[in-house]
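Engineer: The primary structure of each chain is shown beneath.
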Amino acid sequence: MADTGKVKEPGRRDFLYIATGAFGALGVGVGAWPLLDQMNPDASVKALASIEVDISTVGVGESLTVNWRGKPIFIRHRTAEEIKTSVNTPLSDLKDPEEDSARAEKPEWLIMVGVCTHLGCIPLGEAGKYNGWFCPCHNSVYDTAGRIRSGPAPKNLEIPEYSFISDTKIKIG
Amino acid sequence: MSGHSTYVPKSDAGKWLEKRLPIISLLHGAAVSMPNPRNLNYWWVFGGIALFMLIVQVVTGIVLAMHYTPHADMAFNSVEHIMRDVNWGWLLRYTHANGASMFFVAVYIHILRGMYYGSYKAPREVLWLLGMLIYLLMMATGFMGYVLPWGQMSFWGATVITNFFEVVPFIGDDIRILLWGGFAVDNPTLNRFFSLHYLLPFVILGVVILHIWALHVPGSNNPLGVEAKSKQDTLSFHPYFTMKDLYGIVLFAIILFYFVFFNPNFMGHPDNYIPANSLVTPAHIVPEWYYLPFYAILRAIPSKAGGVAGMFGSILILFVVPWLDTSKIRSANFRPAYRIFFWIFVANGLLLGYFGQVSTTDNFLGIAGVTNLVVSQMSTIYYFGFFVIILPVLGLIEKTKPLPNSISEAVLGAEGAAAEAAEQKA
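Residue numbers (my numbering), protein chains in the order written: chain P, 14 to 186; chain S, 4 to 429.
Don't read these hints as lab results, they were simulated from the structure.
All figures in this text were calculated on a predicted structure; none of them were measured in a lab.
Yeah, the Cβ is synthetic: ideal placement off N, Cα and C, and Gly gets one too.
Going by beta-carbon spacing under 7 Å, a handful of chain P positions derived as facing chain S:
hint, residue
1, R82
2, P85
3, L132
4, P167
Computed list of lysine to aspartate or glutamate pairs in EDC-like fashion (alpha-carbon distance at most 16 Å, straight line):
hint, chain 1, residue 1, chain 2, residue 2
5, P, K168, S, E169
6, P, K119, P, E174
7, P, K119, P, D180
8, P, K182, P, D67
9, P, K168, S, D176
10, P, K119, P, E94
11, P, K168, P, D109
12, P, K97, P, E121
13, P, K59, S, D177
One chain only, chain P, in its complex shape (with noise of 0.2 Å):
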């Protein structure tokens, strides 16, 4: 194009250029996403997405360990010791602070996703500096509340969603 010395006002041609353009990147846009969203959880995976859990077995200081979507969920009985060494922790010696009461919706009955949440090993249960949970994996070490208290995990365990049906019966999800 010769250098006029003034710029060109956009012409019908230019318009013409930038829409088919625009609407070209829209279609590979739109073509592309059910390429890429053919890999999200599907409908037969989201169809697992509650279980319920009869609780009535687990005395205390006993644990249960059940599979909710592929990760084991740890459902704790806990010792009425266990429950009061969380409780009296102060908040300031914790790298995510949470109060006990935060963690366990009844005291007696912590309910967690058992999935450390460095790199998603399993943690081993009553074991570690705090006889909490401890993760073979990098040695991340939680708590009886399953805060995370040292190693190189930077989140507590996850509490999944959950709800009491009954007393002995318990909702995952």
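Got chain P; can you put chain S on it based on the hints?
Structural biologist: Coordinates of chain S only, in the frame set by chain P:
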């Protein structure tokens, strides 16, 4: 590939094809008449060996896929079916599994060769970048292949590695769910890893072709790091280097098949002969040996995001090596100080590999008060320090040895080179 061909078609059919698709002269230029520096030593055979290993992996992989079932309920048993029922299945699988390891051996030596002789320096930066891209693709392919037998190490390796992506700000969790196709590693994950594990080797093959193209534009570097200037500095690729590469491939294949026939599980983990169990993590998770140095860096940094960033950073920093090294001298043979730091780098890499598989809380070699964690942190510092401090600074202050005038002079002596030049003129 860049016009080295001396091929002249003689037959009518050859002439006919040459006019329409000059593919024979292209291949002739790339693999027969291509001039190579005459002083290449045996460290230069590992490129050819790596290509050979890629072909071994593709061929054994295609036939294994004829018997393997990519489903969480059946994958483990289908691998055992390959081992016990399929004709020669044990041979195919052991060759594929050990072949992956030996492919990495060849590529690591190939990369270190490039670092020692400064092969990444101008005008070969694109060649280096393409090589690094191949290496990155190999790591992804190797990882996904390791998931396919769906044993405990497969499953938990996949879990740990996909969890790396959670540290991505804002969308980390969404990326993880997208990779998994669920809320944990499960059948959809296995199924897509199989699809991609089949695809990526062909992507690698494509990049290998670009890598060879980028090699044939400037030609090979050599142990002196002095460019080939005249005809007496070079020899044709065939028969001189085809035969030399083939000899290297045969020796290398002996090592590969020692493992295949006599020690097939040496580089594997017994835990992977236990079917995947999403509710039990093995007590001791260790990646395949070729990832160990990077895994050690991950564990040396006591923070999740920091560890993951350090680990990916330790791989990505290799891409910018051509711009970190300020020295104009290529070969370490003429860089006495660099040579020392290079060998420390190699030893340090092996040490990191050791730290990748031992408990971080144990004492280093039993020395009281010195944990593996502390020493692996020093190793990590040296790893990064080599690239960001030693490479840039050393090039500015190092006193290098004088370079020879030409390859032929260094190889044949001044008189020999003159005689050779005269002979070629006559």
